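Enquirer: Here are the chains, one letter per residue:
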Amino acid sequence: MSDGTYVQLLDLACGGLLLTAVLVLWRRELAVIIGVFAAQGIALATLVGVLAAHEGSAEVGGVAVGILVLRAGILPWLLHRALAKAGPARRETRPVVNVAASLLAAALLTLLSYAVSQPLVALEPSTATRAIPVGVTVVLIGFFVLVTRRRALSQLVGFLLMDNGITTVGFLTTAGIGLIVELGVSLDVLLAVLVLRILASRMRETFGDTDLDELRELHD
Amino acid sequence: MTTVLLLSPVLVPVLGALVFLLAGWRPATAWLSAASAALVLAAAIGDAVEVATTGSYTALAGLLRVDALSAFMLIVIGAVGLLATAATPAHLATEIRAGRASPRTATRHSLLVQAFLAAMALAVLAADLGVLWIAIEATTIVTAFLVGQRRSRTAVEAAWKYVVICSTGIALALLGTLLLNYAALHSPGASGLDLAGLVAGAHTLDPGVTRIAVALLVIGFGTKAGLAPLHAWLPDAHSQAPAPVSALMSGVLLSVAFYAILRVKTISDLALGTGFARALLVVMALASLLLAASLLLAQRDYKRMLAYSSIEHMGLLALGAAVGSPLAVAAVLLHILGHGLAKAVLFLGAGRVLQTTGTSRIGEVRGLAVRQPLLAGCLGFGVLALIGLPPFSLFASELGIARAGFASGLGWATAVALLLVLVIAAALVTHTSRMLLGAPPEGPGAATAPPRVPATALLAGLVVCAALGVTAAPLNDLLHTAATIVTGAP
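Protein sequences, first through last, are from chains A and B. By our numbering, the letter at position 163 of the first sequence is numbered 163, and the numbering carries on one by one without gaps. By our numbering, the letter at position 401 of the second sequence is numbered 401, and the numbering carries on one by one without gaps.
There could be a bad hint or two in this list.
[Claimed, not checked] Label-pair ranges, simulated between beta-carbon atoms:
#: 1; chain 1: B; residue 1: Ala407; chain 2: A; residue 2: Asp3; range: 55 to 61 Å
#: 2; chain 1: B; residue 1: Gly438; chain 2: A; residue 2: Ala84; range: 53 to 59 Å
#: 3; chain 1: B; residue 1: Pro229; chain 2: A; residue 2: Ile198; range: 48 to 54 Å
#: 4; chain 1: A; residue 1: Trp26; chain 2: B; residue 2: Ala415; range: 48 to 54 Å
#: 5; chain 1: B; residue 1: Val49; chain 2: A; residue 2: Ile198; range: 53 to 59 Å
#: 6; chain 1: A; residue 1: Pro119; chain 2: B; residue 2: Val283; range: 48 to 54 Å
[Claimed, not checked] To give an idea of the chain B side of the interface with chain A (calculated C-beta under 10 Å), a few residues:
#: 7; residue: Pro27
#: 8; residue: Thr29
#: 9; residue: Trp31
#: 10; residue: Ile45
#: 11; residue: Ala138
#: 12; residue: Ala144
#: 13; residue: Thr154
#: 14; residue: Ala155
#: 15; residue: Ser167
#: 16; residue: Ile170
#: 17; residue: Thr177
#: 18; residue: His186
#: 19; residue: His203
#: 20; residue: Pro235
#: 21; residue: Gln299
[As the list claims (entries may be wrong)] Chain B regions said to be covered by chain A (calculated; three or more residues, Cβ under 8 Å):
#: 22; region: 15-24
#: 23; region: 471-478
No lab work stands behind these hints: they were computed from the structure. On a predicted model such as this, the values are computed, not experimentally measured, just so you know. Cβ coordinates follow ideal geometry from the N, Cα and C atoms, glycine included.
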């Protein structure tokens, strides 16, 4: 692959990551949010695939396929199944911060991540490392979704966005951190999602809803 | 032989979990958990002896390594694990008799506790920061089901908060791990995430990147250790989990996460100077102590009271780590063991109180000393141990942390901390004396359950804690060597 194509494809994938993260903030239909999350999985897999092709590494290419299966396939499928069982609660009705303010916050978080990522880019300026702030932005937006949404499912998506962002930073910095660690990380994500799904269904059994506002019995 | 010693703390509980998976919880397997924890403790002592004679060694192609610090943490895991699992058969039997649990629940409980022990042992034996991270994340996943075991509204709520907050914190630690790896790849001295390699090449790490990585790692693992500001899961999870699980979580899980902070601090001190990690830790320590003190004063639930006391002790550990001198670190390690033992005794005792009285309200438990003198005595002495009265070992370790603090230029922080510790001690003593003393309540519901106290475990914990306070001589060499590992001195 020529250098020009490499840079363009890398930028395209990063743009996809950033756009999908912002779309999660914009849309309220839970089914749409899950779809956007799947699209982000594809963007992430593309990013890793481009890096693999650039370095000619078959191992990283394999990881890209794994990411595609897990984050654009299995995880969205699990979330859809959880949503199908959830009954009528299909919308994020009352986020703590409204959509316009969320989008503004996303812009501020993007600026913030470019500011804090400066030492990371300065250590080894290259096409890949210049994209690190995008990964950091996705982490921050995921964190923002996690703390401002009330539905269990959208919190889950916020957590997974964070994780996508972290994986992005991981691959942009070093193109992989050893297959064992990468496998362990993916396994942990999958297990955490399974745990949260089981808890969400138990929550429905005991509370009749997954509105986290119901969770207020334990406090001081 | 050394490989067997190194692997058995992880493998024995895994085998135990398999047995529970196949055979289930029944009278024949009820004591298997305790046997497995005893084997972990024995292997830990074996490792400690081996380390003292031959130094650190590795296994599994360098994925696992035991040095004095790991060996000490293994001893803590084994000792507290033994206390908790020895009290488990009585706890589960009572729950089943009361209809709050079925043999299936008991099977799942025992299986998950074994997996929990294995994950904690793996965390302290990991030679690689990535493996350490995976093991700590694994503890979140296994304990989530243990916290939510009762399936009541409050238990589900606690489990949800626990998983969401801890997974988020640990995700931050993952980002920190990746950035540290990035810094290591671009430094001539260090490469990869091998802890010993990172320490050896720490002075060549890029300071800008390392600073971000260390902040993320300390906050991330600090979440799991229950340090403010991301402590919010702790009181809920500790108060809702079954008593033996609370004992394990408070007694060792918090310290295992804190162990990760100690490892990171060693790297940070060599790469960035001692100031950076110290500033982070002092802020988190004082915030945790302040939070614990303010919420303990008006506390009405005795399990939450013990949970906030854990936040207090984690704050003290963070203060000691911030001081960072060899004396301070040795005191911190001794404090980890003493706190683990005392807190396990108290959570097990509190679980027993909950089973006999059916309430976790401090105001509704009165006259325990008259109704159940043995249990009340254990609780009373446990609280005295916790607030650091002699002869218990927490007296020696708190004194050590305070002395080192005043000697190292953190005198103001130490003075504030001591003041807060006094407030907390007064609150704990007031609340506990309300439960233990006074006339027992009249009428139905008062003291009906059979008084089957897991007395052996409670008494053993207190006796060991007191013995360590009188003389920590058997551990002195180990503590000293472990402290030099943390301070990065050769």
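Enquirer: Hints first: check each against the structure and report whether it holds.
Expert: Hints and how they fare:
Checking the proposed 55 to 61 Å range against alanine 407 (chain B) and aspartate 3 (chain A) shows it holds: the Cβ atoms sit about 59 Å from each other. Hint check: glycine 438 (chain B) to alanine 84 (chain A), Cβ distance near 55 Å, so the stated range 53 to 59 Å holds. The supplied range of 48 to 54 Å is broken by proline 229 (chain B) and isoleucine 198 (chain A), whose beta-carbon atoms lie about 28 Å from each other. Range check, tryptophan 26 (chain A) to alanine 415 (chain B): Cβ separation about 51 Å, and the 48 to 54 Å hint holds.
The supplied range of 53 to 59 Å is broken by valine 49 (chain B) and isoleucine 198 (chain A), whose beta-carbon atoms lie about 43 Å from each other. Separated by about 22 Å at the C-beta atoms, proline 119 (chain A) and valine 283 (chain B) break the suggested range of 48 to 54 Å. The beta carbon of proline 27 (chain B) comes no nearer than 30 Å to any beta carbon in chain A, farther than 10 Å, and the hint placing it at the interface is violated. A cut of 10 Å between beta carbons decides the hint on threonine 29 (chain B): the least distance to chain A is about 25 Å, and the hint is violated.
Proximity of tryptophan 31 (chain B) to chain A is violated relative to the hint, the smallest CB-CB distance being about 29 Å (cut-off 10 Å). The beta carbon of isoleucine 45 (chain B) is not positioned within 10 Å of any beta carbon in chain A (closest approach about 29 Å), and the interface hint is therefore violated. Evaluation of the alanine 138 (chain B) hint against chain A yields a held restraint, the C-beta minimum of about 7 Å falling below 10 Å. Here the hint on alanine 144 (chain B) is kept, as its CB sits about 5 Å from the closest CB of chain A, short of 10 Å.
Nearest Cβ of chain A to the Cβ of threonine 154 (chain B): about 5 Å, under the 10 Å cut. The hint holds. Hint status for alanine 155 (chain B) relative to chain A: holds, with the closest Cβ pair at about 9 Å, below 10 Å. Proximity of serine 167 (chain B) to chain A holds as hinted, the smallest CB-CB distance being about 5 Å (cut-off 10 Å). Because the smallest distance between the Cβ of isoleucine 170 (chain B) and any Cβ of chain A comes to about 8 Å, under 10 Å, the interface hint for this residue holds.
Look at threonine 177 (chain B): its Cβ gets to within about 8 Å of chain A, closer than 10 Å, so that hint holds up. Residue-level restraint check for histidine 186 (chain B) holds (minimum Cβ-Cβ distance to chain A is 6 Å; threshold 10 Å). A least Cβ separation of about 16 Å between histidine 203 (chain B) and chain A goes past the 10 Å threshold, and the interface hint is therefore violated. Hint on proline 235 (chain B) holds. Least Cβ distance to chain A is approximately 7 Å, under the 10 Å limit.
Hint on glutamine 299 (chain B) holds. Least Cβ distance to chain A is approximately 7 Å, under the 10 Å limit. With 0 residues having a Cβ less than 8 Å from any Cβ of chain A, the region 15-24 of chain B misses the three-residue criterion, and the hint is violated. Residues of the region 471-478 of chain B lying with their CB closer than 8 Å to a CB of chain A number 0, which falls below the three-residue condition for coverage.
Hint check: violations occur at hints 3, 5, 6, 7, 8, 9, 10, 19, 22 and 23; the rest are consistent with the structure.
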